[in-house]
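Chemist: From first to last, the protein sequence lines stand for chains L and X.
Quick note on my numbering: the first sequence kicks off at 71 and runs consecutively.
Quick note on my numbering: the second sequence kicks off at 1447 and runs consecutively.
Wrong hints could be hidden among the right ones.
[Claimed, not checked] Among the chain X residues that face chain L by a calculated CB cut under 7 Å, a handful are:
1. G1463
2. A1466
3. L1467
4. F1469
5. A1471
6. A1474
7. L1568
Everything labelled a hint here was simulated from the structure, so no lab data went into it.
Just so it is clear, CB atoms sit at the ideal spot from N, CA and C, and this is done for glycine as well.
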Amino acid sequence: MMAVDPVARVLAPRYLAAVICMPLLAALFSALGVLGGYLVGVEMIGVDAGAFWSQMQGGVDWLRDVGNGVVKSVVFGFTVAFVSLYVGYQAEATPEGVSRATTTTVVVASLAILALDFILTALMFS
Amino acid sequence: MNRKGVDVLVGLFVLLGFGALVFLALRAGNMSSSLGLGETYQVVARFDNIGGLKPRAAVRSAGVVVGRVVSVGLDDQTFQAVVRLELDQRYKFPKDTSAKILTAGLLGEQYIGLEPGGDSALLAPGGTLTLTQSAVVLENIIGQFLYKSAAEGDKK
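Bound-form chain L, shown alone:
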């Protein structure tokens, strides 16, 4: 491809970016979920803030719940990045080829994540 190594220049940076971003995003979303629950429960509905945090701390186990979420996000990052990069790399160099590659990526990645989620949950919480 014009004396530029496609793997090093195109594929690898996107792959690493996806894999590194996923756990950060997962942590961010988990934290925002908790804060959202706090907002609705304590601020809007009137649950006692102390009761909310003590129940939250009693019920959430950091290693098993949050940690497993982050591990899952890394696995999903691997999968999605791999599927999209592979399908994109093999796409035809036409606009239809690009759109077909996009559709294929979405379908295959969604199904792969569904299957992997099932397997990971069974492994982690059995």
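For this one, chain L is given, so just place chain X on it according to the hints.
Modeler: Relative to chain L, chain X alone:
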């Protein structure tokens, strides 16, 4: 977009992600999977029926959590349940402490309640709690109640 601006934003995003992890660890969860970062010692208790007791259930004394249930097994010689408890090193109990399986609330999770006895000798790590009381099985009580009310109905 200029390179420097993009890099600053990416750095901020990574910091935000780590900050979220720290928030979750400190505020929204308990930091380690077991009691705390302290030392623990294990003891064993045998019950006739543990009801719904699960590993990682709390062990409380006077309502304060002093340990966790590590594992639950069956002794196939005496057919009793063998429950391994992990207790905080700070709290020592006398040898004749009794263990009861209680329910938090009416139908909540089950936990082990420890009531200290009066012995001056303390429970050693690896020791056994000899005085135990099994869990209350709701179905047995309902059965007894029905049997009793059926018997009274016959008498009249």
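Chemist: Please go over all the hints and tell whether each is borne out by the structure.
Modeler: Structure-based check of all given hints:
no.	hint	result
1	G1463	3 Å, holds
2	A1466	4 Å, holds
3	L1467	4 Å, holds
4	F1469	5 Å, holds
5	A1471	5 Å, holds
6	A1474	5 Å, holds
7	L1568	29 Å, violated
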